Every structure is written in structure tokens, then in C-alpha cells.
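A.B. asks: The primary structure of each chain is shown beneath.
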Amino acid sequence: MRRLVVIGAGTAGTMVVNKLRPKLPADEWSITVVDPAGVHYYQPGFLFLPFGIYSDRQVSKPLAPRLRKGVDLVRAAVDRVDAATRTVHLESGDELAYDYLVIASGTTPRPAETPGLAEALGGKVHEFFTYAGAGALAAELAAFGGGRVVVHVAEMPIKCPVAPLEFVFLADAYFTKRGIRDKVELTYVTPLPGAFTKPISAAYLGDMLTERAIALEPDFVVESVDGDEQVLRSFDEREIGYDLLVTIPVNMGADFVGRSGLGDELNYVPVDKHTLLSKADDRIFAIGDASDAPASKAGSVAHFSVDAFVPNFLAHVAGKAMPEKFDGHANCFIESGHGKALLIDFNYDTEPLPGTYPLPGVGPMRLLRESRLNHWGKLAFRHLYWHMLLPGRRLPVSAHMSMAGKKRPPAPPAKPASDIRIPADF
Amino acid sequence: MPVTTIAGRDVHVDDEGFLTDPSEWDRELAAALAEAIGIEMTAEHWKIVEFLRADFATEGETATTRRVQAVGGFPVKQQFELFPKKPAKKMAYIAGLPKPRGCV
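Just so you know, the sequences run in chain order G and V. If you number the first sequence the way full-length UniProt numbering does, the last residue is 426 and the count never jumps. If you number the second sequence the way full-length UniProt numbering does, the last residue is 104 and the count never jumps.
These aren't lab readings, by the way, just hints derived from the structure by calculation. Treat the hints with care, as some may be off.
As the list claims (entries may be wrong) - Within a straight-line C-alpha distance of at most 27 Å, the following computed DSS-like cross-link-like pairs (lysine-lysine) qualify: (1) V:Lys99 <-> V:Lys86; (2) G:Lys340 <-> G:Lys159; (3) G:Lys177 <-> G:Lys124; (4) V:Lys86 <-> G:Lys159; (5) G:Lys340 <-> G:Lys273; (6) V:Lys86 <-> G:Lys198; (7) G:Lys320 <-> G:Lys23; (8) G:Lys198 <-> V:Lys85; (9) G:Lys177 <-> G:Lys340; (10) G:Lys198 <-> V:Lys99; (11) G:Lys19 <-> G:Lys407; (12) V:Lys77 <-> G:Lys325; (13) G:Lys407 <-> V:Lys99; (14) G:Lys69 <-> G:Lys23; (15) V:Lys85 <-> G:Lys159; (16) G:Lys23 <-> G:Lys61; (17) G:Lys159 <-> V:Lys99; (18) G:Lys279 <-> V:Lys99; (19) V:Lys77 <-> G:Lys159; (20) V:Lys47 <-> V:Lys77; (21) G:Lys273 <-> G:Lys406; (22) G:Lys407 <-> G:Lys198; (23) V:Lys99 <-> G:Lys273.
What the hints assert, rightly or not - FRET-style restraints, in silico, Cβ to Cβ: (24) G:Pro360 <-> V:Thr20: 30 to 36 Å; (25) G:Asp207 <-> V:Ala7: 56 to 62 Å; (26) G:Ala132 <-> V:Asp10: 54 to 60 Å; (27) V:Thr5 <-> G:Asp236: 27 to 33 Å; (28) G:Asp425 <-> V:Trp46: 40 to 46 Å; (29) V:Trp46 <-> G:Ala411: 33 to 39 Å; (30) G:Gly135 <-> V:Ala70: 29 to 35 Å; (31) V:Glu44 <-> G:Ile53: 48 to 54 Å; (32) G:Glu95 <-> V:Trp46: 47 to 53 Å; (33) V:Glu81 <-> G:Ala76: 41 to 47 Å.
The structure displayed is predicted, hence computed values, not measured ones. Each residue gets a CB set at the ideal place from its N, CA and C atoms; glycine is no exception.
Construct all of the structure, not just a fragment, from the sequences and the given hints.
C.D. replies: The structure is reproduced here in C-alpha cells:
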């Protein structure tokens, strides 16, 4: 009997076990998934909780029924992995031996990484990347009568890199609807040089901030949060005052990854970005947010990477070459408020571009443009998540990104060769 | 790929001026790049640049400010003092390495 152990029953881990169980004969393979939680959260829904758009019941369900028959669930926290003896040590002292291990333990916000932040949380400082945090923020927003609202990203990478932008767009719409938008000053503070990471989408999303009178404070590397003075301070000595700070703390992979010597400085597992096999150990894969693959930390990336992972895993355990190459495909809706949303579709090599998705010219979704249909797509996705994605059923979209329907704007003319070149923003 | 003349010789750079072939780098070139962006290299600057070069050689990625602190032992505050305003980009520029990836 061969033993597969999966650490983490979030989006990636649940899809992995549910897709592999029918492919691995029950008399040859055991599949065990380890997770201390009793509940599975639909994390994209956390964005909507602060604005009262989703209820608690829409974003959480008991974990055990999400797993296929024949998958063993161990409700426990992991202390460390001993790769040399292929053993997972649990915090309870129990051990799980494995032949193959999949690390799918995700990433979590770490307020303690920023001086002053952990102490300030709960007063005028909030976050919405945890279920409890999103709930507390809902109460704060409902009571908010006006002032300076600062939405802040501490450091990249974070889970769902578009979520803070969506939050600030939804906040603009929310305060408008309440009739107090003119009493609220909205500021978006980011360590990136612009609204988003890549040039074309950063320019488009930056214009959307301007249209909504949301101030952008780029290149802000936070040094500390002063909860008493209600000030955010950067390493280059800028200060931003707030009446309500909505922060996305530093994100890090699970601590057991670091304790096991399997992680980088943020506890992410270094992997081959096309196969997700650990660079250190050919019995260990890392999938979803837990890996250091240079893709978005997002459910869609987990989904597309699982599609590539399954045939690769089956080949790898049979001693064959892995046939699939994950391309870093991500596909994210960006809520922009007032019942509209954008859609972006990109991968390791291609930045988010305008166009239509999935069909060229037809869509029906529009890429990098606001539309009502995109918003309905985002809302409909919650049902797909619970009923198609997690159970491991196939969605009718390609795992690999396609250029069909995408339009690349003409490149600016090449600069003539010259003496030393200096980046424009130095 | 554009070619530019730095310290009397031709090197390959991208549109922003970051070297695209780390093997074309040497200390003379680094000093010229630093001077162009108003930085006078001191022993402390060189220590960080040398850490970045060595780390890139083993990792294949340009170290982030967090990694320069956690692995190299140079506090972020010091990185900001030596390479003002945009340490991550400026350190990579002088070290002849790709701009640190904007994580998407």
C-alpha cells in the first residue's frame, strides 16, 4: 500500500485529493489529508462580508463533507515534516508516514511582521483576509461616519493580489450609496510602483482610482503602524494618517514549512514552477499558495495548477517523465463597485491584456474592462466553487492560458541606443 | 535588445536600463551605474551588491529587500539609507540583475 499525505484541505488540497482519489486504486493507495480546521471557507467571499453583501452561510461549510469517500481526514496541526524519514510529525505527537507528500498549507496574514500592527488591530485598524477580521470590519464600516480611510498593502506577495483594489472600489461605492462619500477621503497605499503589478493593467486600474477620486500612494514600504497616533510610517519617512486603516498584513506560508527546512524566507516551498515538484526532494510537491511559484496566490491558479498536477503526479509515481507544464495561468474577477466587475486572464509570460474571454470577439466576458456580466460571473462563481471546483469536476475552460481574444496594445517605439539608461522613476 | 555603452564598453540592457546578461557585469560597470543614479559606492554598498550577486547565482532570482535582510543580514532600514527611496530596484540596477519580480 502506498501512502499519499496532503497537508491542508483548503482550495488546492481539497481539489488534489478529490481529483486523485478516483485515479489512484483504493487497494494500492491511501490518501490522507491533514487539516486542523473543521470548516472550509470560500475565501473570495471575505471581500464581500465587510459590505454586508454575503452572509456567513454563503462563505463557510463543514469541511469533512467536501472530501470524497476514501479520503481520510486527520484533524490536526502539523509540527514538522521530516523529509529524510518521510514522516509528518503532528503537534499532538502522532506521526504519519508517507511515500509522497503534497504541501497545500497556503499562506496567512502575519500582522506581527510589521512593528505596531498586531497591537493596533481591532481599534481603528482592520483586515479582511480572515473570517473573523472581515466580520469585525463589517461592524466598523457600518458605524463609520466619515474621515480618512486608508487601504494598505504591507508587502508582496499576498493572497489574491487584486482584493485590496476591489476593496477600495467597493468602499467607494458603499460610501456613495450611504450618501457620505463626500465625507470620506479614500487612499490606496501600496509597495508597488503603481496600482497593480504589470504595466497595462496598472495603467488601467490606476485610471479607475483617479476617476473615483481615490488617492494612490505608491512605493510605500511600511516600517511601522502607530495605533495611538493613527499613523502609517514608511522606511523613506513618509507618514499617512488614518481614521480607519484597512491593511493587508505581510503574508507568509505555514510555520511548519520553515521548521522543516523546506521553505524560503517567507516559508514558501521552492518548486519547479512548471511541475510544482520541490527543488529539494522528489517525493514532495507544493501546490496553491504554499509554493514559491511566481504566479498569483489565488484560487484560480490553484485550480489550473491542479489540472496540470494530476497527470504529472500519476506519471511521477510510475517513474515516468511528467507530461504537463503548468503555465502560471490565473483568471481573476475584479469587483469595481455599482454592480460591475473586470476580468483579467494571464500567466507567467503574458500580462493581463484587454479583449474578450473565453471566445475571441464574442466573450461573453470582457477582459480588463468593466461590465455587468463580469460581476454576475463573479457572483455565479461561488456556486461553481462549491459544486464543481472543490468536488474535482471539470470546468469547461482550458487550464492553459490562451491568447485567443486578447489584444496587445502596440508597443511604444524602441528607444534609440544611447549612453547609460536610467529607469524613469529613479 | 538595446545595447548601451557604459564605462567604455557595450552591454545589453532592457528598456529601463537593467542589464539583461548578468555575466557582462563587473565592479567598474557597477560603479558607473551607481554614479549615474547618484550613489557613491562605499564598502557597505559593495557588501550588499556582492550578496545580491552571490544569491542570484544560486537562486536565479533577484533577492527582495526582505531576503537581503533575512538571508544577507542587512536591515531594510540600512538598505533604504544606502539606496534611497527604491532600494530593491536600485540594488538590482547596480548589481546588474533583473528588476525584482513584481509578484502578481
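A.B. asks: So which hints don't hold here, by number, going up?
C.D. replies: 5, 11, 12, 25 and 28
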